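Chemist: Note that our numbering has the sequence shown beginning at 89, numbered continuously upward.
Certain hints may be false.
The calculated lysine to aspartate or glutamate pairs, modelled on EDC-like cross-linking and capped at a C-alpha distance of 16 Å, are [to be verified]: (1) K524 / E253; (2) K340 / E292; (3) K541 / E491; (4) K524 / E491; (5) K215 / E191; (6) K527 / D306; (7) K260 / D228; (8) K438 / E401; (9) K544 / D522; (10) K260 / D299; (11) K476 / D522; (12) K260 / D306; (13) K513 / E253; (14) K340 / D306; (15) K513 / E295; (16) K323 / D306; (17) K351 / D414; (18) K323 / D299; (19) K335 / D298; (20) K351 / D392; (21) K340 / D299; (22) K541 / D442; (23) K335 / E295; (24) K438 / D392; (25) K310 / E191; (26) K215 / E295; (27) K260 / D213; (28) K310 / E292; (29) K260 / D298; (30) K215 / E253; (31) K537 / E479.
Rather than coming from a laboratory, the hints here were simulated on the basis of the structure.
None of these values were measured; they are calculated from a predicted model.
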Amino acid sequence: ILNYDIMARFRRRTCVVLLLFILFVCSIMMALKTLRPDRAGFGDPFGLGLLPELQQRTALLDEKQRSLSRVQGDPVTRAGSFHSIAVSTMKASVPAVSKPEEELSAPNYNFHIFYYSWFGNPQFDGKYIHWNHPLLPHWDPKIASNYPKGRHNPPEDIGANFYPELGSYSSKDPSVIEAHMKQMRSASTGVIVLSWYPPGMADENGEPTDDLVPVILDYAHKYNLKVTFHIEPYKDRDDRSMYHNVKYIIDKYGGHPAFYRYKTSTGRLLPMFYVYDSYVTIPEIWANLLTVSGSQSIRNTPYDALFIALLVEERHKHDIHRSGFDGMYTYFATNGFSYGSSHHNWASLKAFCDSNNLMFIPSVGPGYVDTSIRPWNNHNTRNRVNGKYYETAFSAALLVRPEIISITSFNEWHEGTQIEKAVPKRTGQVVYLDYKPHKPNVYLQLTQKWSEKYRKEQEQWLM
């Protein structure tokens, strides 16, 4: 009997211990299930943030297979199904932004970023646009003969050395436009410098994009961003055509709340226009438009504005001053490529601008690589060095205390200057560059960091 009592007590004690252990394990599992990584005090392991998207893509692939099996018999239905699947896949692939708009970093309206709306794909445009960029030949036939010819074949083979997280997207896709606005706002930029051609005109690899401007303005306004215009060097651009361009833009878009105006030292609120390749037009022609006494003068009219010229060579600074421009920018993200893009020349350029009542707007970029479209141009590649190249450029810009800093670029993928999210990708013939060991948003984060630093330093300069 004694042995039986001892055994019974032992079994009861064992059951109690097991029950307590099970309860302890369950409580640990519940805690782990509800604990979010951002509240745990630890950084995410690399790639953890991509898991929901990978799961989403797997689900989409399953849905594609089911949809295809349902429409095997009817070629018309099958074609329509392919189209709807492609569109839904593209929209579903737009990454969610964890912060609502009101929690995003405050926009810095002295941080301007170059933006391109020239991309297209079959789902929205009936064909690929710009992603299928041709390989550009070297001007020396002997050198050109050593490199491949032809054009890229999207979606796996695109005209870029990096690959976008959004894939070979269309600039017309509203979900893409919104994703871009979220990214630019998260980077604490404030002004989108939109590449622009007059209605009906485009670059040689693109299609007209002026009809997209109202949509871009609307989405920019939603995220409290402003939009200004980067006027491209279309054929026969001169003083007369520029007057009509500016009048058209201000008449059509000037009343939109997202239309950018800069407050001058005299208190005037004026539109701003960046003029790409301004140096191809002689100063005398520009002076007709930009000086008070010019034959096509825009000064002191309802269409007066700030006109910012591109400076490439040192001699251009004198031409810019003679032309009547209000300032200069450097655009190229290639330190050492040109006089204007070389960081060590910025102090001299700023001094020249200060002495001639001009604005100096240095352009910084995360790197440069365009060998996907100019395979012979390796010598101009600038490695990103995991973000160090970008930060060095920002440091150089802040040293000269500019009123505005421009960023080259949000999405000039052909030249590898983008800060838009990029992802690792490997195809049968191509291994794309990526932002590893960092996450796809690393250059947005670096931009936000320097935007805040610039904002604080500007406040000190003005004290």
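Chemist: All the hints need checking, so say for each whether the structure fits it.
Modeler: So, going through the hints one by one against the coordinates:
no., hint, result
1, K524 / E253, "holds (13 Å)"
2, K340 / E292, "violated (25 Å)"
3, K541 / E491, "holds (14 Å)"
4, K524 / E491, "violated (33 Å)"
5, K215 / E191, "violated (37 Å)"
6, K527 / D306, "violated (29 Å)"
7, K260 / D228, "violated (37 Å)"
8, K438 / E401, "holds (15 Å)"
9, K544 / D522, "violated (31 Å)"
10, K260 / D299, "holds (10 Å)"
11, K476 / D522, "holds (15 Å)"
12, K260 / D306, "holds (13 Å)"
13, K513 / E253, "holds (10 Å)"
14, K340 / D306, "holds (14 Å)"
15, K513 / E295, "violated (28 Å)"
16, K323 / D306, "violated (29 Å)"
17, K351 / D414, "holds (13 Å)"
18, K323 / D299, "violated (20 Å)"
19, K335 / D298, "holds (14 Å)"
20, K351 / D392, "holds (13 Å)"
21, K340 / D299, "holds (11 Å)"
22, K541 / D442, "violated (23 Å)"
23, K335 / E295, "violated (22 Å)"
24, K438 / D392, "violated (24 Å)"
25, K310 / E191, "holds (13 Å)"
26, K215 / E295, "holds (11 Å)"
27, K260 / D213, "holds (8 Å)"
28, K310 / E292, "violated (32 Å)"
29, K260 / D298, "holds (11 Å)"
30, K215 / E253, "violated (20 Å)"
31, K537 / E479, "holds (10 Å)"
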